[in-house]
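A.B. asks: Sequence:
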Amino acid sequence: MLVKMVILPSNLEAKMEQLFGQASEAQFLFQIAETGFRVTEFTALEKLSAPYEVALGLASEDEVKLDDVMGKEALLTIVGEEANRYFHGIINQFVQVGSKGRFFLYQAKLVPSLWLLSLEQDCRIFQDKTVKDIISTVLKEAGITSDRFDFRLQNQYEKMEYCVQYRETDLNFISRLLEEHGIFYFFEHSQDKHLLVFGDSTVNYKPVEGDPKVLFHPADSRVPGEEFVSSFHLERQIRSGKVTLRDFNFEKPSLDLTSQEQAQSDKKLEIYDYPGGYKEGKEGKRLAKLRLERSQATRDSGFGQSYCPRFVPGMTFQLTDHDFDSLNQEYLLVEVNHRGEQPQVLEEKAETDRPFHYSNAFICIPSSVQYRPLQELKRPLVQGLQTAIVTGPKNEEIYTDEYGRVKVQFHWDREGKRDENTTCWLRVAQLWAGAGWGTVFIPRVGDEVLVDFLEGNPNRPLVVGSVYNKQNQPLYPLPDEKTKSTIKTKSYPNDPGFNELRFEDKKGEEEIFIHAEKDMNNIVKNDMSISVGNNQTTSVRKDRSATVKEGNDTLTITQGTRTVTVKGNTSLTVQAGNRSVDVTGGDYSLNVNGGGIKGTASGGGVEMTGIGGTGVKLTGTPSFEANGAATAKILSPVVEIGNNIIRISGVMIQLSAGGSTLTIDPSGITMSTGGIITETAAIIKHNV
Numbered sequence: 066m067l068v069k070m071v072i073l074p075s076n077l078e079a080k081m082e083q084l085f086g087q088a089s090e091a092q093f094l095f096q097i098a099e100t101g102f103r104v105t106e107f108t109a110l111e112k113l114s115a116p117y118e119v120a121l122g123l124a125s126e127d128e129v130k131l132d133d134v135m136g137k138e139a140l141l142t143i144v145g146e147e148a149n150r151y152f153h154g155i156i157n158q159f160v161q162v163g164s165k166g167r168f169f170l171y172q173a174k175l176v177p178s179l180w181l182l183s184l185e186q187d188c189r190i191f192q193d194k195t196v197k198d199i200i201s202t203v204l205k206e207a208g209i210t211s212d213r214f215d216f217r218l219q220n221q222y223e224k225m226e227y228c229v230q231y232r233e234t235d236l237n238f239i240s241r242l243l244e245e246h247g248i249f250y251f252f253e254h255s256q257d258k259h260l261l262v263f264g265d266s267t268v269n270y271k272p273v274e275g276d277p278k279v280l281f282h283p284a285d286s287r288v289p290g291e292e293f294v295s296s297f298h299l300e301r302q303i304r305s306g307k308v309t310l311r312d313f314n315f316e317k318p319s320l321d322l323t324s325q326e327q328a329q330s331d332k333k334l335e336i337y338d339y340p341g342g343y344k345e346g347k348e349g350k351r352l353a354k355l356r357l358e359r360s361q362a363t364r365d366s367g368f369g370q371s372y373c374p375r376f377v378p379g380m381t382f383q384l385t386d387h388d389f390d391s392l393n394q395e396y397l398l399v400e401v402n403h404r405g406e407q408p409q410v411l412e413e414k415a416e417t418d419r420p421f422h423y424s425n426a427f428i429c430i431p432s433s434v435q436y437r438p439l440q441e442l443k444r445p446l447v448q449g450l451q452t453a454i455v456t457g458p459k460n461e462e463i464y465t466d467e468y469g470r471v472k473v474q475f476h477w478d479r480e481g482k483r484d485e486n487t488t489c490w491l492r493v494a495q496l497w498a499g500a501g502w503g504t505v506f507i508p509r510v511g512d513e514v515l516v517d518f519l520e521g522n523p524n525r526p527l528v529v530g531s532v533y534n535k536q537n538q539p540l541y542p543l544p545d546e547k548t549k550s551t552i553k554t555k556s557y558p559n560d561p562g563f564n565e566l567r568f569e570d571k572k573g574e575e576e577i578f579i580h581a582e583k584d585m586n587n588i589v590k591n592d593m594s595i596s597v598g599n600n601q602t603t604s605v606r607k608d609r610s611a612t613v614k615e616g617n618d619t620l621t622i623t624q625g626t627r628t629v630t631v632k633g634n635t636s637l638t639v640q641a642g643n644r645s646v647d648v649t650g651g652d653y654s655l656n657v658n659g660g661g662i663k664g665t666a667s668g669g670g671v672e673m674t675g676i677g678g679t680g681v682k683l684t685g686t687p688s689f690e691a692n693g694a695a696t697a698k699i700l701s702p703v704v705e706i707g708n709n710i711i712r713i714s715g716v717m718i719q720l721s722a723g724g725s726t727l728t729i730d731p732s733g734i735t736m737s738t739g740g741i742i743t744e745t746a747a748i749i750k751h752n753v
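Residues are numbered in my numbering as their position in the sequence shown, beginning at 1, plus a constant of 65.
None of these hints come from the bench; they were simulated from the model.
On a predicted model such as this, the values are computed, not experimentally measured, just so you know.
Misleading hints may appear alongside valid ones.
What the hints assert, rightly or not - The calculated BS3-like cross-link candidates involving lysine-lysine, where the alpha carbons are at most 30 Å apart (straight line), are: (1) LYS307 with LYS258; (2) LYS350 with LYS333; (3) LYS535 with LYS482; (4) LYS112 with LYS258; (5) LYS333 with LYS307; (6) LYS572 with LYS590.
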């Protein structure tokens, strides 16, 4: 909200005196823009780290229109002995009360321009900004120019990675940030403006205008116009003397982030809190010290009343002449409640029994104490879960970091650009997360995810799940395919391919379906058992290889047949050991339709044993070749070989029958018999 700034005239007192005349004896002067008013009464409440509010009773001979004063700059002047006291601000409330005699009566409220921030509520995200950066941005957006606020900070403040203003007013937001960082603020008033001052050290304490020494003496001895403290007492309260904070940094999970600070007294009264709101031990130490200073700041508090309008929160005064000498010291004003009356301004001459009056009540602390604002403003909590959309750079489908974190755009974020800068990195909850084991499913750009917030803190978002929406619908149409449960991925980048593990639970159609878009690798370090209750079909488009490195390979068909069809070559190599084929309940048939059969035994003989049946039957022109010894044992008494010729060749051929033997060897032919040798032929020739 922008406020029109109007420079009030520097000769205000002269103009007011000209307006009201000498007889009014006005000590309180008030002007809105170019319009002067008589002040009948006022109250003003000022506090450190809070907007002030001045409520005024006003009178004017002119009828004032509301539009002429609302939101305009105004100035209340208290004419003082040491120095004039100014209250500069804007009008946020104006009431047309009525009339008295020739005067129109009004009521008005004067506040700082900072108050306007209480009317602005927002949800937005700040990233990599210091507290000073954020507050400057908010103030300037509200129309408070840089010449109207001043940072007098003595400490250095780190950039905040992620800071959220969530459903809170701008005033609440910046006030909360100031409280969290231990920064206080106050106002310096002049005739033409009010300056918002930020401080964080005792160095920022400045003495009141005029003489900072203020006398103490009872009110009954007051001299009109004299400024003094009429009552004062100092009280001490027990405060916590030790602060212990703890937090957790997931990037350093084994690091102990306990931080502790303690005062000189009441050390047993400990404040212990988690989470402390830090990632490093150094920052934890600073925050623990800050919490302790906040607790100790009002351990000693002074309460008093005075007739000194120069008292302003954020400034100091020196009390003198108190009965308790220990109370005669310098104090920092924390709160001042002013009150003033001058009903005589409604008369041409001062004939009223109620003369001019001014006084205030104040609260202060010793100026040696480091003031810290109380942490009264609580951070807004996010109630329950929210959904958000995963974001990333343009044309990127998967945007993540080394921890599998993602960035999102919240639906309430109207400043986000749906890119890689929308939020900080959000950790993603998985089904299981261990040291090198667990599950990993990274939400992809455009997914709608469920976001929770640790401790309800909007600064600590965490992705805990995903949900479907109209744009991203379930894999299979529902409710038609309600019995299907599946895990299905999508090939990257921007490819329709997928991997899938699907379960069908419809009665009679139960199924587990596995789809690998490219390769599938199974590693079993011990046993693997597959049991198929009915049929099994394996289809390999190209090569298939099975390797048994140690042990045996057994295929058992207990009932039925086995058929192997090879349209190319088949090779079987047994590198060590034997190969055995046992047919226990039927025949063994080997058919070669397009060529011959060749068997080679390079390291031993070939043995074939036929226990029954017709033995070995060969058609065509069979050939037997053995590189070593070959033995054919035929247990049957009959050998039938061909129809035309039998040729037997060798080193020795021996034919035996009963007691007769025919032996053929290189030395000759020997016939031996115990019976008769009969030769029958067409012609018998003997060469001797």
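A.B. asks: Hint by hint, note whether the structure agrees.
C.D. replies: Here is how each hint holds up against the structure:
no., hint, result
1, LYS307 with LYS258, "violated, 42 Å"
2, LYS350 with LYS333, "holds, 19 Å"
3, LYS535 with LYS482, "holds, 22 Å"
4, LYS112 with LYS258, "holds, 18 Å"
5, LYS333 with LYS307, "holds, 7 Å"
6, LYS572 with LYS590, "violated, 35 Å"
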